[in-house]
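Work out the full structure: start from the sequences and follow the hints.
If you read the protein sequences in the order shown, they are chains Z and D. Every letter in the first sequence is one number past the one before it in numbering that gives the first Met the number 0, and letter 287, counting from 1, is 286. Every letter in the second sequence is one number past the one before it in numbering that gives the first Met the number 0, and letter 296, counting from 1, is 295.
These are computed hints drawn from the structure, not numbers from a lab. Among the hints, a few may not be true.
Unchecked claim - Quick list of in silico lysine to aspartate or glutamate cross-link-like pairs, EDC-like style, CA-CA up to 20 Å:
id, chain 1, residue 1, chain 2, residue 2
1, D, K125, Z, D233
2, D, K125, Z, E287
3, D, K146, Z, E218
4, D, K146, Z, E266
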Amino acid sequence: MAELTQFIITGLAVGMVYALIALGFTLIWKSTGVANLALGQLVLLCSWFTYSMMHQLHLSIWLAFPAVVLFALVVGWVIERFALRPLIGQPILSLIAVTLGLGYFISGMVSFIWPQSIAALPQIFPKNPVHIGGAVISQEYVWAAGISLLVFTLLSLFYKYHRMGIAMRATADDQMAVQACGIPVTRIFSMSWMFACVVAAVGGILISSIGGISNGLVETGLKTFSVVILGGLDSFGGSMIAGPIIGLAKSLGTGYLTPYLWPEFGEVIPYIIIVFVIIFKPFGLFGEKRIERI
Amino acid sequence: MSSLPCGTRNYSYAEDMAIFRTKTQWALLIGLLILLMIGPLFVGNFWLNKINLIGITLIAATGLNILVGYCGQLSIGQVGFIAVGAYTSTILTSKLGLPFPVSFVCSGLMAGIIGLMFAIPSVRVKGFYLAIASIAAQFIIVWVISKWTGLTGGSNGMLVPDASIGGLVFNTQKSFYYLIIGVAVVCIFLAKNLARTRVGRAFIAIRDNDLAAEVMGINLFYYKMLAFFIGCFMAGIAGSLLAHWSVSISPDNFSFSESILYVGIIIIGGLGTTLGPILGVVLIRLMQVGVTQATPWLQSTLPGMPNGFATGITPMLFGLIIVLFLIFEPRGLAHRWNLFKASYRLWPFSY
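What follows is the structure, given as structure tokens:
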């Protein structure tokens, strides 16, 4: 029983972080229509930057975190300005391929700057584990879930009530109309990328405080696509619900199915979910069904 | 778009359809074929090795070009299907003792069938969804290969027996050169002609607007499946050649970043052209050689280089090239080549 609680709680917590990273995807997809396949690499880059700030410069988390956010903002701006803006209006194939190229570039840059390829973040959250109903959970999980929920709430409020958030939603709805209203669409694109990078950075800090930093984070980014697909590409709430589902599936699958199947079965569960969702319910649980015209 | 050489007129439909129209073109073609035939006599083993890799990559890239460039179905899992071909061929020859030609065809068929399984979503979705489905395909395939230890040897990999046709054993770079280049030439010829037939035109219609194509009476399901089958079939036979050529295979040979590289290759070369994959493959593989050769030299001359230079420089460079090509020349090197040919033919008059 304690084992089950353990699996459920860790699964939910990791799922929340997945959902947070998935938000980074949804932000960009909703307002710019670009599918960001470099998500994992961005998470990796921001995690390594945090590592540099905390471990190599010995900053405390309160100083390091603003630095990481600033870094993420700059990265987001640079990517949008120099890689994506020249491609506005190009077919979706180019837009996907350009993020693939970016991801390739970033992963090269990471192994260029941080050749050690594996590291652990310094302790951010208190060390002693908490006991929940017989299960022993390290505090990182609890904090990760809490912070993800907080960021999600802040982002949703921002989207709902802030001027800029409303402008972003309007851009997602109809770019032409928004342009006619005098809203600077390019600035909105750039804002979305900056926000998405910050979200990826927060997700990166949380997930690497749980599992350490390694190239596996790139795969984590790819796995979050299962969250995006299951929740629906353009739905915030969708990814927030799909994240814990994927997290649960992964931790329960790893915990209970491994003895019957091959080892590391948990690693492919998200991909299997992707294939099934795309075959049976391609627009996800909460995605908007697009009607196409010729 | 492409202007004919000066003074070329067609007097029959057959002439109009011909790929090689003028005597010069025929002479160039025959010259090229002769060069390909006698090339290995003048080239050392090092370069022959690289040329063989180029040939294998070219076969897989040509398949991917049919799928992505002509039919517009973005697939980022080509290396997964290469892996299917490589392992099928290895298992058939080493465990069942089948002759190489049989396993060669079977590896193509196997990769094609597995490709069809992952192609089912393409009926309902496209663009990003399909890209994600193909990424999932790549990871699931490589995972199955690395965990099914009884059949594939797991992460230890497998030793691949020599390929042989009749009494002819392929175990040197030179003998493999003729096998690989032969297959590559046939594949390119087929791809070129496929694009000009009913099937190729249907592919192009689907790429340009699949709804309109369906309204025009093109069976989307059939043609999309066909495109996936052809693309993955070529990946499979490339995988079979790769396995027998590289003597041993393991799941590490089939990484996701290699899949991205394949997409990069056809973008750099030019989507939807026959020449594109050739130019892209040659450029990328030669650059890889150049980078591996130049890295030790750069590290010794510039002592301030960080440690990660050797591992980081290749992906950085290729990522940058892919992005730059998409921004500045999305139609790829093949388009540049066509522009050059046109301006050369029209010179000095620019009309």
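| field | Agreement of D/K146 and Z/E218 with the hint, judged by alpha carbon distance not exceeding 20 Å | value | Given that 20 Å is the threshold and the Cα spacing comes to 18 Å, the pair holds.
| Given the hinted pair D/K125 and Z/E287, is their alpha-carbon gap at most 20 Å? | Given that 20 Å is the threshold and the Cα spacing comes to 15 Å, the pair holds.
| query | Is it true that the CA of D/K125 sits at most 20 Å from the CA of Z/D233? | reply | holds, 16 Å
| query | Is the Cα-Cα distance between D/K146 and Z/E266 20 Å or less? | reply | holds, 12 Å
Of the numbered hints listed earlier, not one is contradicted by the structure.
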